[in-house]
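*Asks:* In case you want the letters, here they are:
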Amino acid sequence: MRPRVSPILAILGLMWVVVVAGLAVLKPTAIALSTVTAVLQFSTILALVALGQALVIVCGGAGIDISVGGMVSLAVVLAMLLMKAGLPGVLLPVSCLAIGLALGLVNGFLVTRLRLLPLIATLGTFYVYSGAAVALTGGAAQSGVPGFLLPWGRGAVRGLPLPFLTLALPVFVAAGVVLHATSWGRWIYGMGFNERSARLVGIPVDRVRLTAYGASGALAGCAALVSLAWLGGGRPNIGQNLELTSLTAAMLGGIGIFGGKGGVFGVLAAVLLLVTLQTGLLQLNVNTVWQVGIVGTILLIVLLIDNLALIRRTS
Amino acid sequence: MRAFLQRFGEREALLALGCVVSGLVFSILSPYFATPDNLLTIARNSTELLLIGLGMTLLLGIGGIDVSVGSVLGLAAIGIGRLLEAGAPPALAALAGPVAGLALGVVTAFVVIFGRIPAIVATLGLLGVYRAGIFLALGGSWLSGLPTGLTNLLAARVFGLPVSVLVIALAYGAIFIAVRLTPFGAHLLAIGNSEARARLAGIGVRRVQVAAFVISGGLCGLAASFYVATYRNVEMTIGATLALEAVAAVVLGGTAVTGGRISLLGTAFGVILLRLLQNGLLLVGAPSLWQPVLTGLLLLLVLGAEALSRRLPLERLRQSAVGAAWRTGAR
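So the sequences go chain by chain: A and B.
Here the first sequence is numbered in our numbering, starting from 1 and rising by one per residue.
Here the second sequence is numbered in our numbering, starting from 1001 and rising by one per residue.
No lab work stands behind these hints, which were simulated from the structure alone.
A few of these clues could be false.
Derived coverage of chain B by chain A (criterion: at least 3 residues anywhere in the stretch with Cβ under 8 Å from a Cβ of chain A; other residues may be distant) [what the hints assert, rightly or not]: (1) 1110-1120; (2) 1287-1293; (3) 1296-1305.
So, partial list: chain A residues that the calculated Cβ filter (under 10 Å) puts toward chain B [as the list claims (entries may be wrong)]: (4) Phe258; (5) Val295; (6) Ile301.
Note that the coordinates shown come from a computational prediction; the quantities given were computed from them, not determined experimentally.
All residues carry an ideal CB built from backbone N, CA and C; glycine is no exception.
Build the full structure now, drawing on both the sequences and the hints.
*Replies:* This is the structure:
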């Protein structure tokens, strides 16, 4: 079980170099510190959400969280509505996190207590969360984010955006440490690898899984906070498509869909690659819909290459 | 009655009851609900989902899934639209839908089965690719105001029944026969239960899997023909919610997402209940924005109730004094 560089990460690194080199040739002006800032700024939200997605998947038991985007949207909307209802603005970060955590725990409850299949349970909550976010606001953006958040959300130190530096990066480091150096983290890999054995050796599988869904929710809450502080307002559709992109990032990052496999830094690398690619394409004036297609193609190609390597090894 | 119910299946009976009860409630609340026009609208709105749900039932049955069905419908619809624009005969355009769907089904099957990528991940990737394909094929604008030839063709009546009803009945009938009376059904469920064991038993696992994906693609294409006939336009976001709605309706119908148990009748009832509730709530004045919330809650409530009933000692409750009182009261 020694961590090693997965072939997927190597492919990702290669792709990243190709993208950056391509951009340097096609549009040299885009290679600037401001581009790095933009890439990291866009990466922060996806990175936080993809980390939650990865945790849930690594836990195994067909774990998946379709509702991540819905949780981000609903956390944004509820936090803003709570503030308008009289909650002091200072508490906005706390309420974002708490709402996200609560929504995630609902998923965990459905999966671990009612034993609904994660795909179906989170599909249901995806509808409820994202639908409620739009319905509660009538689709209108919610303005009025307290001023003290904006300098944090939009600031940068040496080109590194503050949310990335002070939230995403520490969270990833913490997750890496927890997964590799604590019993809780080892339990996650154990139960993801073989749930039956995990139960037999006494790992509290259900409790760990509940925590993972809660963590995914809390991370979605963090992403909601970042979006509020960055954009200065709450968009009820901010989480749109995050379920697809976060799943893509997790898969590209080397997380095995059947659980028990993959690390968080692969996910971070995948997020950076995806966002670099998107930003690069944006610089070249490629429409965003195209980007979805390119992301999908990359996902399929990387998985096909990975599988081919596996087939060759086993035969 | 009990024997009938057991044969019929509890879930199907529950959904049918749900349709009847909610239908009654809505007709009391709104004078517009129980009109022939509105019931026709509900049937009309159910057409695409009935066909796509049928394919999704087979896919879930083998333990697969396809989240790209809405985009397959979209791509097929664009093909039909372009043909109509070019002045092709409506019959040809109507056939082009299923043909395009079958072709895309082959692509999906190839990627999932020969690429050995889990269906949910592979079809997610394909969803992105197909969406970009839709964008490319539409060139950033909508297809609108398409010729009425296809509409007239599919609005025709055969033996007094609309073509759509006949096609749906034929599709469900054909799949029912294939599942019940040929080895296909047994193989399908065996694969859903355990792919490894099905392989050991000598079942041509890949052939059945490919068949399920191709059939599902063809049904999506068929749905596209009806879509274009009804709306006579194709927009960028076509079919965006269909995949999730199809999974929701099929699971509501009692098909196990983990494979090995399917119910065609349940799927049909699940789709109709979903569309009926969406229509009814709109008529009684609930804002349409709440529709997705309703879909999600319905899914969670039905499955949650089922899960709870498995966990609670219901038999003991029935035999207890409280249970007896409740039973008498209920009668």
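*Asks:* Indicate, hint by hint, whether the structure satisfies it.
*Replies:* Cross-check of the supplied hints:
Counting residues of the segment 1110-1120 of chain B whose CB lies closer than 8 Å to any CB of chain A gives 6, so the stated coverage by that chain holds, three being the minimum. For the segment 1287-1293 of chain B, the proposed coverage by chain A is satisfied: 6 residues have a C-beta within less than 8 Å of a C-beta in that chain, meeting the threshold of three. Check result for the segment 1296-1305 of chain B against chain A: holds, 6 residues qualifying (beta carbon to beta carbon below 8 Å, three or more required). At its closest, the beta carbon of A:Phe258 sits 8 Å from a beta carbon of chain B; the interface hint therefore holds under the 10 Å criterion.
Restraint check, A:Val295 versus chain B: the minimum CB separation of about 5 Å is within 10 Å; hint holds. For A:Ile301, the shortest C-beta to C-beta distance to chain B is roughly 9 Å, which falls under 10 Å, so the interface hint holds.
The structure shown violates none of the earlier numbered hints.
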